[in-house]
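S.K.: Chain order of the listed sequences is D and V. Here the first sequence stands for residues 1 to 91, numbered as in our numbering. Here the second sequence stands for residues 92 to 671, numbered as in our numbering.
Honestly, the hints are just simulated from the structure, not real lab data. Note that this is a predicted model, so its numbers are computed, not measured. Ideal Cβ placement from N, Cα and C applies to all residues, glycine included. Keep in mind that the hints are not guaranteed to be accurate.
Stated by the list, open to error - Only pairs whose alpha carbons sit at most 27 Å apart, straight line, appear in this in silico DSSO-like list of lysine-lysine: (1) V:K228 / D:K37; (2) V:K228 / D:K21; (3) V:K210 / D:K21; (4) V:K268 / V:K96; (5) V:K210 / D:K37; (6) V:K151 / D:K21; (7) V:K210 / V:K228; (8) V:K228 / V:K151; (9) V:K268 / V:K228; (10) V:K207 / D:K21; (11) V:K496 / V:K464; (12) V:K176 / V:K96; (13) V:K350 / V:K228; (14) V:K176 / D:K21; (15) V:K268 / V:K176; (16) D:K37 / D:K21; (17) V:K207 / V:K176; (18) V:K176 / V:K151; (19) V:K96 / V:K151; (20) D:K37 / V:K96.
Claimed, not checked - Chain D regions said to be covered by chain V (calculated; three or more residues, Cβ under 8 Å): (21) 20-28; (22) 35-49.
Given next are the chains, with one letter for each unit.
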Amino acid sequence: MPTRDIEITNATGLHARPAAKFVEIASRFRSQVAVRKNDQRVNGKSVWDMLTLDAAAGTVLHLEVEGEDAEECLAQLTELLRDPDHERAGA
Amino acid sequence: MEIRKGIPVSPGLAIAPAIVLDSEQFRIPRRSIEAEEVEGELGRFRQAVQGAQGEIHALKERVARDVGRELGAIFDVQDALMTDKHLHEEVRELVEREHYAAEYAVSTVLKAYARKFLKLPNRYMAERVADVYDIEKRLLRHLIGAKRETLGRLTEPVIVVAHDLTPSQTASLDRSKIFAFATDGGGRTSHTAIVARAMSIPAVVGLQTITADVSGGDTVVVDGNRGLVIINPDEETVSRFRETERQFRRMEESLGNLKDLPAVTQDGHEVALWGNIEFPHEVEACLTRGASGIGLYRTEFLYLDREEDPTEEDHYQAYAEAIEALDGRPITIRTCDLGADKFTHLSGEYDERNPFLGFRSIRFSLQHIGLFKTQLRAVLRASVLGPTRIMFPLVTNLKELRQAKMILADVREDLEEEGVPFDRDLAVGIMVEVPSAALMARNFARECNFFSIGTNDLVQYTLAVDRSNEQVAGMFTAGHPAVLRLIREVVQAAYEANIQVAVCGEMAGEPMYTVLLLGLGVHALSVSPATLLEVKKIIRSVTMDQAQEVTDKILSFDSDREVNAFLSELTRRLLPEMVI
């Protein structure tokens, strides 16, 4: 099962909008997506659950994706989490 | 079982199922469905989501068009939350397995999330709770819509759990069905508190998250003596609670014997013991508990709960009802005390940064002379029906008192010309509730017929404590030596000018302070009906010499801790049956 640790670096943390975006991307795939922060493990396809993670700047999230399209799913989610507010997109 | 601690504002104990009012103060009924209704119920839920989603899309488009795409995108989050598959599964589960009605399932699931969000340390996340409530509101509006029940139609005893109650809501409550209040907001002297005491209903306020902690239908214990709310108590707690409830009732019964006895000290010194009311129908409760008059009629409730200002006739009817119910006993009518925490459609127009130091009370009346005159005319007209006094609140300087008296004189002249009868000897007094008035009491005493010390505001302004702010509410105490010295000043000024001095704030109704107020020489105490008998019992258990001795001792203390510790101990001795 592909997994990855990603640190949230943007100042406002994983707030509502990127969380919603995360779920939107995750939901495009057939794979199961779980996100872990310390002992807390939530469903990566639920905005409500993602928000309860309360991932502030500096938090390390552990992503676990399982399923036939897991690799591609993990790649897209990683890309989002590395720059959730498009701070580095040259905007 | 969960226990929450808040601020005890109205004594007593109650156990009953909770009804939780949503953010628009409608109740969400705990309703079950039959097995064959499950599909239909899920259909209703899907429709509600579609309807709510439609609203959000429309809002998003409007905002995007009017303000810009960036802001419109804010609604994407609500949209995502509303259509979240996981959320739908949770609702479906409650409907299928527990047979919850859709609205009850939605409210249960969303409340659980609100609770989780509130516990998060990140402030930004806690603000998401507002989104949860917004989504709840939208979905419930589609699910129960116009059928939403208000508090007026209760069939079973309940405990009301709400963010905060407004005066107009509490006014329409059916007190035979409501056993207690528990609210997120409010402090010792908030409206929920005052009304709860007036109605003799136990209440705990300032619980911060109680509306999220309790779901409708949960069994809840409200302990208005200690400020505790117990959610889904275990059996042991229930039986212990029943025992305390019995003790409390026994105390009420033993005090009941005092009702027809006068409020005199052991050595025969009589004190006027009056009741405080908000509505004329409360006169009865005061008389039943042995009040010898009404020392504070808070008339601003006439202005709340209506779209238009009350007419002279509205005022007159209310005053006449109260005066007639008193059957010859005295009443003190306080002119409207709007502003700060009490608003009408009119006073609500002013946006103030610091309303307690702002445009309120007599300041408001003196700027709205038409409104003020209407009230004064009604008081004067009603004054022929029984012994009536009029009192101006929040007087800060002599000019205000003089202006108010001048307007009163104008109104008297008008009535005179019209040949309308009124009591020519109508006494005019002021509430002493601002430190400036207390310090200038000697000057005020020459220009009015009586004082009534309003301790709630006097404490707030002397100690600079916002009484409704939970963070500092603990500093709010009438036992502070500075407050006691101001009260002594006012009483002495009244004695020198030979006018009457009463205390009508919450302090007068706290049995703990009764001996002290007696010793200070106060002529009258005006209290909420709930504590009338306890106060009377204390008055009847001491002599004036003892009271003066206690007072001398108290005035030598330099902290409110010493004062309150000494007085609690004394009260325990004088009133052992009091459940503390």
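S.K.: Among all the numbered hints in the text so far, which are the ones the structure does not match?
M.R.: 1, 12, 13, 15, 19 and 20
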